[in-house]
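K.L.:
So you can see what is in the structure, the chains are spelled out below.
Protein chains: 2
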Amino acid sequence: MEAIKVFCPATIANVSCGFDVLGLALDSVGDEMTVRKTVKRGITISKIIGQDLPLETSKNVSGVAGLAFLEKSDYNGGFEIEIDKRIKPGSGIGSSAASSAGAVWAMNELLGRPFSTLELVQFAMQGEKLASEVAHADNVAPALFGGFTLVRSYEPLDIIAIPTPTELFATVIHPQIEVKTSDSRKILKTKITLEKGIQQWGNVGGLVAGLFQSDYDLIGRSLEDHIVEPIRSILIPGFDDIKSNAIKAGALGGGISGSGPSIFALSKGEEIAKKVAESMHETYQHIGIPFDVHISKVNTQGVKILA
Amino acid sequence: MEAIKVFCPATIANVSCGFDVLGLALDSVGDEMTVRKTVKRGITISKIIGQDLPLETSKNVSGVAGLAFLEKSDYNGGFEIEIDKRIKPGSGIGSSAASSAGAVWAMNELLGRPFSTLELVQFAMQGEKLASEVAHADNVAPALFGGFTLVRSYEPLDIIAIPTPTELFATVIHPQIEVKTSDSRKILKTKITLEKGIQQWGNVGGLVAGLFQSDYDLIGRSLEDHIVEPIRSILIPGFDDIKSNAIKAGALGGGISGSGPSIFALSKGEEIAKKVAESMHETYQHIGIPFDVHISKVNTQGVKILA
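Protein sequences appear in the order of chains L and P.
So for the first sequence, the numbering used here puts the first residue at 1; every next one is plus one.
So for the second sequence, the numbering used here puts the first residue at 1; every next one is plus one.
Worth flagging that the hints you see were computed from the coordinates, not collected in a lab.
Treat the hints with caution; some may be incorrect.
Distance ranges between label pairs, derived from CB positions [as the list claims (entries may be wrong)]:
| no. | chain 1 | residue 1 | chain 2 | residue 2 | range |
| --- | --- | --- | --- | --- | --- |
| 1 | P | I287 | L | L188 | 40 to 48 Å |
| 2 | L | K189 | P | K88 | 39 to 47 Å |
| 3 | P | T190 | L | R185 | 53 to 61 Å |
| 4 | P | D183 | L | T193 | 14 to 22 Å |
| 5 | P | S28 | L | D183 | 15 to 23 Å |
| 6 | L | E71 | P | H281 | 48 to 56 Å |
| 7 | L | L188 | P | I289 | 40 to 48 Å |
Looking from chain L toward chain P, a few residues come up when the C-beta cut is under 8 Å (computed) [claimed, not checked]:
| no. | residue |
| --- | --- |
| 8 | D20 |
| 9 | T164 |
| 10 | I187 |
| 11 | L188 |
All C-beta atoms in this analysis are idealised placements derived from N, C-alpha and C, irrespective of residue type, glycine included.
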């Protein structure tokens, strides 16, 4: 195989209670990327459509992730990358992770899968480091493994794939306002009360158990975040209304997607996910903020080949 | 049925990463309790052997739990309780929880199970409140549900039964020193760093996933506590040696049982659990502290009828 075209999923990190550890992959929102083997060594970004992003390898997340891949590989050639960038940078649904993950997944396919998925996560994390100064894994892990993932530990990196109930759908609304990842990290407190910590790890345990048992009610009850959401939601206009209206419309629960400004809700079944989208739509229309809404099944495959 | 004799299991609360939320039931360590219907209303504790504990209903945890049961019941009679107390109070393996849970479970059986297990947990929590001023559920929940349990939330009370891998064994050593529950709670800090919180909820998620998947390695990797263990272990002589020697002997991991002073380790299979017991035995013999060691399969049934 000389070239491959892949779908690179958007992802929701944190998933309410799982700040910095949980994430999930989306199915109907993502970039498309074509990766081609070249005789010339190194990584060339030949074309980017959809967004104004740097073509220079060392300044592009897929370039940097690709260089990390090449550095560990014994392949003597290089790769050329074309990106159809459909996920808006800064939306909070893993735009940089999709490009980083997609690039290294495609390269691995083209070379006959020399690396494990965990190794691909490590290469893709270098792209994340370029994007946000932190080599976090909570978006690239679900983008590469698919479904829900848990980053149990960073040293050593330990990623657990969590099964996804078949009827789980996500609704995501992206208000077109800018929230810098660095700002949304800066406003977090470095200390939390033990009491809130206990609530949080109770909910992470509950969410993981709910996913294993396809217990949708338990999933909903566990989608609580008493630590990060109360602080970060200040930066997102209409957050409380969007969330409470989504739950009124039948969502199991929801919260901030990654560091925002996107807001997500999880629902049992596509019907409810659509009603939730309508309620989000109405709420933001009422407030007067431009937005995109996405409805997606949870993607259990991660990055995948396009026909 | 007029009378019933039950086994009331000892329990390990917290289970390293799951401070205040996780617990598991033991199979070979526990009290025996005989509960008899009486025409006379109220609860009578007629006999306690094994330990010097109050017979007065309002001062005995099984009496108080029983009164909470009676208060919600439409039964017109009462109960008489005999306790063969084999779990030492203050050992950190749920001595008060065993008595509270056993009493209400037996009463419920005698009346044809009018209450759910969750309701029984709520009655038994009143016994815990008498014992330690806090109506905690992390010991009574596994004592009543069996296996591993997660207390996801207290308000409302939400308890999740987690499946138990079939080869999971616990080894517990109880050094005969006194650590007051109130002291071991007092030395805890009320604030923790967000960073340690993230590690902790990553590990809770990992432990729950490991239990669902019977992934013994993952269970072991998740048995980490960066918050409570470093502080509480100061009160337990030889803690670090006991734990590191247990792991050298093959244990998956371990930590403080409840608020201590007992120390537990989990192992895959009885053979390894026995070797871990030997290593614990040697360590404390070397230090010169008297102790009891228990080896037990995880009890998936909770309180149960004795022949």
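K.L.:
Taking the hints in turn, state whether each one holds.
P.N.:
Structure-based check of all given hints:
1. The beta-carbon spacing between I287 (chain P) and L188 (chain L), approximately 43 Å, falls within the hinted interval of 40 to 48 Å.
2. As the Cβ distance of K189 (chain L) to K88 (chain P) is approximately 42 Å, the hint placing it in 39 to 47 Å holds.
3. Distance hint check for T190 (chain P) and R185 (chain L): the Cβ-Cβ separation is about 24 Å, which falls outside the suggested range of 53 to 61 Å.
4. With their beta carbons about 21 Å apart, D183 (chain P) and T193 (chain L) fall inside the hinted range of 14 to 22 Å.
5. Separated by about 56 Å at the C-beta atoms, S28 (chain P) and D183 (chain L) break the suggested range of 15 to 23 Å.
6. Between E71 (chain L) and H281 (chain P) the beta carbon distance is about 50 Å. The supplied range of 48 to 56 Å therefore holds.
7. For L188 (chain L) and I289 (chain P), the Cβ-Cβ distance of about 44 Å falls inside the hinted range of 40 to 48 Å, so the restraint holds.
8. The interface hint given for D20 (chain L) is met, as the beta carbon of that residue sits about 5 Å from the closest beta carbon of chain P, less than 8 Å.
9. The beta carbon of T164 (chain L) comes no nearer than 13 Å to any beta carbon in chain P, farther than 8 Å, and the hint placing it at the interface is violated.
10. Interface hint at I187 (chain L): violated, since its Cβ lies 12 Å from the closest Cβ of chain P, which is beyond the 8 Å cut-off.
11. Given hint, L188 (chain L) at the interface with chain P, holds; its Cβ is 7 Å from that chain's nearest Cβ, closer than 8 Å.
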